[in-house]
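Participant: Sequence:
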Amino acid sequence: MLTPESTVLQSWHHNARSWIEAVRTGSIESRLQVTDQAILLAVLSRQPEHVLDLGCGEGWLLRALADRAIQAVGVDGDAALVEAARAAGSSRVHLASYEELAEAKVDIGNNYDLICANFALLHQDIIPLLAAMNALLVPGGTLVIQTVHPWTASVGDYQDGWREETFAGFKGQWQPMPWYLRTLSSWFNALDMAGFRLAGLQEPQHPQSPMPQSLLLVAEQNPPITAKVVAALGAD
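In terms of our numbering, the sequence shown is residues 6 to 241.
Derived by calculation from the structure, the hints in this document are not laboratory data.
Where hints are given, some of them may not hold.
Label-pair restraints from in silico Cβ distances [claimed, not checked]:
#1 I33 - A84: 37 to 45 Å
#2 R168 - E54: 30 to 38 Å
#3 G31 - A140: 35 to 43 Å
#4 A173 - P229: 26 to 34 Å
#5 W167 - E54: 31 to 39 Å
#6 R202 - N116: 32 to 40 Å
#7 R29 - H211: 15 to 23 Å
#8 G145 - E34: 34 to 42 Å
Note that the structure is a prediction, hence the values are computed from the model and not measured.
Glycine is no exception: its CB is placed at the ideal position from the N, C-alpha and C atoms.
Assemble the whole structure, with the sequences as input and the hints as a guide.
Facilitator: This is the structure we're talking about:
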């Protein structure tokens, strides 16, 4: 029996071609109006030189960063999406599942100034993956996550748990996909347990919408324990 985690990847295998078309034809209104610009500006504001796009999909953000002279590397778990990203000009795109990344089974480089995940963290247990990403950052590196806003998506059921994306309103043939809703406190706890501290929070919103379109988290590496002790002693 398939677990929800494995079903997420399986659904991407089925939906990849439809997703590529939807992104490249500008069919997703929230992306055009709000969220694409939000993640791009959040990344650019940190002035990185070397970026990893975790769950890069068909590579639109890789191309946007490359256009701005930023060295961008992508990784995704679906072969069709990786192929599409490479074909569009992003040569440094790796194929690897999140399980492989969490266990460091695939070399995707290191010493990244910034790692971003744009609507790409849909699994329940993301802490091992985030901890593995932490190890790929330069000291003082940054993690930027854009995800579904839990208040908007909870529909009156504000608690952690599996939900289903049906892709209603999208053109083409789509397979429903499970995804894991995480409350704000759950996001903060996951970041902390993976060795990060929250440095910024945004709620990108269209001026004509009463609700935020997404949740955008900016996290920085927690200082080593020794650094914390020295800082505490210095404060006395």
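Participant: Which numbered conditions among the earlier hints are violated in the structure presented, ordered from lowest to highest?
Facilitator: 1, 4, 6
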